[in-house]
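Asks: Single-letter residue listing:
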Amino acid sequence: MSSLNKISLSSFSYSYFPIVILFLSVFNEFDFNFLKIEYFSFNFVHILIFFWTLKNPNHLGYVSIFLAGIINDVIVGIPVGVSSLCYLLICLVTAYLRNITLSPNFINDWLTFLFTIFLINSIQIIILNLIFLIEINYMSYLVNSGFTFLFYPLFFVIFNYVNKKIVIILND
Amino acid sequence: MATGRDDFVIAFRSAFLKKKDKQKFSLLTLLFLSIFVIILSNLNFKVIKFIKMGINEVVYRTSFLISAPENKIKEIDFKIKDHLKIYDNYKRIEIELETLKQKKLSNDFLKLENTKLRNLINESIQSEKILAKVLIDKESPFLKSIVLNKGSKDDIKIGMAVVDRAYLVGKVIEVNYTNSRALLLSDLNSKIPVLLEPIGMQAVSSGTGKDYGEIEYTKEEYESKINTEEIIVYTSGRGGLFKPGLPVGKIDKDNVKKINFFSDFRQLEYVNIISYTIKGSN
Numbered sequence: 007m008s009s010l011n012k013i014s015l016s017s018f019s020y021s022y023f024p025i026v027i028l029f030l031s032v033f034n035e036f037d038f039n040f041l042k043i044e045y046f047s048f049n050f051v052h053i054l055i056f057f058w059t060l061k062n063p064n065h066l067g068y069v070s071i072f073l074a075g076i077i078n079d080v081i082v083g084i085p086v087g088v089s090s091l092c093y094l095l096i097c098l099v100t101a102y103l104r105n106i107t108l109s110p111n112f113i114n115d116w117l118t119f120l121f122t123i124f125l126i127n128s129i130q131i132i133i134l135n136l137i138f139l140i141e142i143n144y145m146s147y148l149v150n151s152g153f154t155f156l157f158y159p160l161f162f163v164i165f166n167y168v169n170k171k172i173v174i175i176l177n178d
Numbered sequence: 014m015a016t017g018r019d020d021f022v023i024a025f026r027s028a029f030l031k032k033k034d035k036q037k038f039s040l041l042t043l044l045f046l047s048i049f050v051i052i053l054s055n056l057n058f059k060v061i062k063f064i065k066m067g068i069n070e071v072v073y074r075t076s077f078l079i080s081a082p083e084n085k086i087k088e089i090d091f092k093i094k095d096h097l098k099i100y101d102n103y104k105r106i107e108i109e110l111e112t113l114k115q116k117k118l119s120n121d122f123l124k125l126e127n128t129k130l131r132n133l134i135n136e137s138i139q140s141e142k143i144l145a146k147v148l149i150d151k152e153s154p155f156l157k158s159i160v161l162n163k164g165s166k167d168d169i170k171i172g173m174a175v176v177d178r179a180y181l182v183g184k185v186i187e188v189n190y191t192n193s194r195a196l197l198l199s200d201l202n203s204k205i206p207v208l209l210e211p212i213g214m215q216a217v218s219s220g221t222g223k224d225y226g227e228i229e230y231t232k233e234e235y236e237s238k239i240n241t242e243e244i245i246v247y248t249s250g251r252g253g254l255f256k257p258g259l260p261v262g263k264i265d266k267d268n269v270k271k272i273n274f275f276s277d278f279r280q281l282e283y284v285n286i287i288s289y290t291i292k293g294s295n
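For the record, the sequence lines run as chains A and B.
Add 6 to the 1-based position in the first sequence for this note's numbering, that's all there is to it.
Add 13 to the 1-based position in the second sequence for this note's numbering, that's all there is to it.
Next comes chain B alone, as it looks inside the complex (with noise of 0.2 Å):
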């Protein structure tokens, strides 16, 4: 009994201490040192974050260029898809136009009749859009982010919200000086407060770490409404985090919880990153 112990201790060490011919730290020594530098990456030292900063650039680029291949295959993949499907979504997108051009009418009349009452009260939101290329976009099963090429140099900052053409899909949680990262709003720790439309009511979109979200924090009532209405989901503007009326998906008719982001967050090649400040009287 005790020499089978006393076999499992040694093993045991030496797997630990023992180094192979070509190694040239013990696993003991090395295993340490991940422990050393997970807890130097959450200390606030500016040195640390420079150094983080500096490894981040040069593991984002060099990861854009190993994957360009991926990216081609993926590419072409989304292309032959694209051309398959090339009639049917001409008869449809033939629909959607004839729809469109009828409610645009009435949008430009209520865009002019809404900057018109934002001047009465002294009020505009001013936005300022900076067009980024998304250089990494490795949705791995447990984290849902971007990487996008717009850092501090470019006045990028944390917080800001990341949309594609006017959809949402997310805000920025890491800058880097020339790089910066996003997490997706199908992250499973994404919460944006949302404003569920046309029944005006405030709600929490959260994400589901899969490619749709979920409606969070609001009155049980909606539940009713959503089944005569279709619900679009925009942003609230609510925390002052991101601009309000931003859209972000549409509730799906069959589960009232969920939301069918507009944007599919797996083609993201450019991307906008939106600042915006409201002047106001007060």
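In isolation and in its complexed conformation, chain A is listed as follows (with noise of 0.2 Å):
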């Protein structure tokens, strides 16, 4: 009986562990500014979107993705709905690369995880500087871009790590 327990627990817990990031970090808004390196910062919940959606999306659904971004805003304090949008097309490239790919590849979808960050935060920009007249610093952006790209690698290890786990749990 205990055993069904803890086999239940650790299920339920692997299979909402997407989720349960997801929202730990726009809460948290993870930001690293302590350690005062300049232009330093990443965007983790980007990197978490594109993977779960596009190796199990399942666990991470839209509605918890649309809220997800919804909740950003408000922390950020950007216009309630941007950060929505740019998760949801991320989602949208995602379901595309589903759609199109037979064999996946790691270094394929690293590219167009380079591809689907430039767009998206090409998008946040044209929506908050030429409509919502928000000054932003377009070097941080790129940087932004750049880390978020180079940590995809090491993220994509740990949650591959987690989904094999779910799979295995889930399958049992």
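Just to be clear, a hint being listed does not mean it is correct.
To be verified - Below 20 Å or equal to it, Euclidean Cα-Cα: the simulated SDA-like pairs (lysine to any residue) are:
(1) Lys87(B) to Val82(A)
(2) Lys166(B) to Lys270(B)
(3) Lys204(B) to Val69(A)
(4) Lys184(B) to Ile140(A)
(5) Lys85(B) to Ser146(A)
(6) Lys184(B) to Val82(A)
(7) Lys271(B) to Val69(A)
(8) Lys184(B) to Ser146(A)
(9) Lys223(B) to Val69(A)
(10) Lys223(B) to Ser146(A)
(11) Lys87(B) to Val149(A)
(12) Lys270(B) to Asn143(A)
(13) Lys87(B) to Ile142(A)
(14) Lys223(B) to Gly152(A)
(15) Lys223(B) to Ser31(A)
(16) Lys204(B) to Ile142(A)
(17) Lys146(B) to Asn34(A)
(18) Lys223(B) to Val149(A)
(19) Lys59(B) to Pro85(A)
(20) Lys85(B) to Ser31(A)
(21) Lys65(B) to Val69(A)
(22) Lys223(B) to Asn143(A)
(23) Lys146(B) to Val82(A)
(24) Lys266(B) to Lys184(B)
(25) Lys184(B) to Val69(A)
(26) Lys204(B) to Asn135(A)
(27) Lys62(B) to Ile52(B)
Don't read these hints as lab results, they were simulated from the structure.
Nothing here was measured: the structure is a model prediction, and the numbers come from that model.
Relying on the hints, combine the two individually framed chains into one complex.
Replies: Written out as structure tokens, the structure reads:
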């Protein structure tokens, strides 16, 4: 009985891992500012959404992603809905990628990720700067995109491990 | 060729409309919903304002609770750094204290003289301070702002100055019922009318997105004066937004456009929100 509980608890915690991490990261907005490294920042949420919607979309629903975007906008202080739109555009790219890919390839995914973050950051800049007339630092966006791209393989390894665990536990 | 285009259309349409087993809405629906929310959140209707305030209240409080562990780590990091620098700081503070003691005497005299002169022209500046705790200080790489635990129920209004000890750190840009958001001076969108003293020149302090500000819209001749004197930047009070004379920062000796803010925006824990009125004979 106790081992059964243990399995159901671990399967529960593993299957909700992406959603929990997504909401923790938007509420907490990890910024690493206290390290005082000029320009250093990366968008963990973009990596998380890209990976999970590509590899295992059943564990990260579109509605959760939409809500996470709303929360992110409220915390960062940008017009509500902008991040939701950007996050959902990542989902759109990954859904398209899933449809056209027969054999997944890490390099392909990584390059598509680069294209995606440039696309959504450009859309965000257009919305904030040209529509809402909010001044933004283009260099910050560029460096942020660069670091997000570079950090993808690291988180890919971690998330892949968790994803395999989820598959194993749910198949047991 | 046509087949390739058909494949693209099919894959794209499927990405937009197809729902996975556990997805309740299609991507297309949610994308439209996002655009609808962006448009809706910028309409100035009362109902939308109240909904927005409600969402802000809940999200800010939740974020404050969830950020607690990270804030603790930050606090420990700052404490360790402070302890490592303790001897150097002590020596520097000792010298500064001696200089300040001397300055205080002449400052007290000037204050009294200033009050007397204001009384002569029947003018007085009255200001009120409201102490507020910083709930969220997530400086995103794009926007620099803080969320405070005082809102409209404490008479906070948009445009009020936010100070850390005596130093200006920003202004209130959004007010909810129990909390508010202040835009920091370092934000790219921050523009504050300032006075450069002792040369007495009006200018605008503009945020750069980094931890320093920039002097804008001033005469060229100030650059030569800065090389010879130490320039302190104060709020000028122009436009009636801020109380005049709030210290902002110091002009950098090596870069005459650069303002080094007095306050460290990464370590804000409690701040004062200031409202003021100038009472005069006219």
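Asks: Take the hints in turn and mark each one as holding or not.
Replies: Hints and how they fare:
no.	hint	verdict
1	Lys87(B) to Val82(A)	19 Å, holds
2	Lys166(B) to Lys270(B)	40 Å, violated
3	Lys204(B) to Val69(A)	38 Å, violated
4	Lys184(B) to Ile140(A)	16 Å, holds
5	Lys85(B) to Ser146(A)	26 Å, violated
6	Lys184(B) to Val82(A)	16 Å, holds
7	Lys271(B) to Val69(A)	45 Å, violated
8	Lys184(B) to Ser146(A)	23 Å, violated
9	Lys223(B) to Val69(A)	35 Å, violated
10	Lys223(B) to Ser146(A)	10 Å, holds
11	Lys87(B) to Val149(A)	23 Å, violated
12	Lys270(B) to Asn143(A)	18 Å, holds
13	Lys87(B) to Ile142(A)	26 Å, violated
14	Lys223(B) to Gly152(A)	19 Å, holds
15	Lys223(B) to Ser31(A)	23 Å, violated
16	Lys204(B) to Ile142(A)	14 Å, holds
17	Lys146(B) to Asn34(A)	17 Å, holds
18	Lys223(B) to Val149(A)	14 Å, holds
19	Lys59(B) to Pro85(A)	17 Å, holds
20	Lys85(B) to Ser31(A)	16 Å, holds
21	Lys65(B) to Val69(A)	19 Å, holds
22	Lys223(B) to Asn143(A)	10 Å, holds
23	Lys146(B) to Val82(A)	18 Å, holds
24	Lys266(B) to Lys184(B)	27 Å, violated
25	Lys184(B) to Val69(A)	35 Å, violated
26	Lys204(B) to Asn135(A)	17 Å, holds
27	Lys62(B) to Ile52(B)	13 Å, holds
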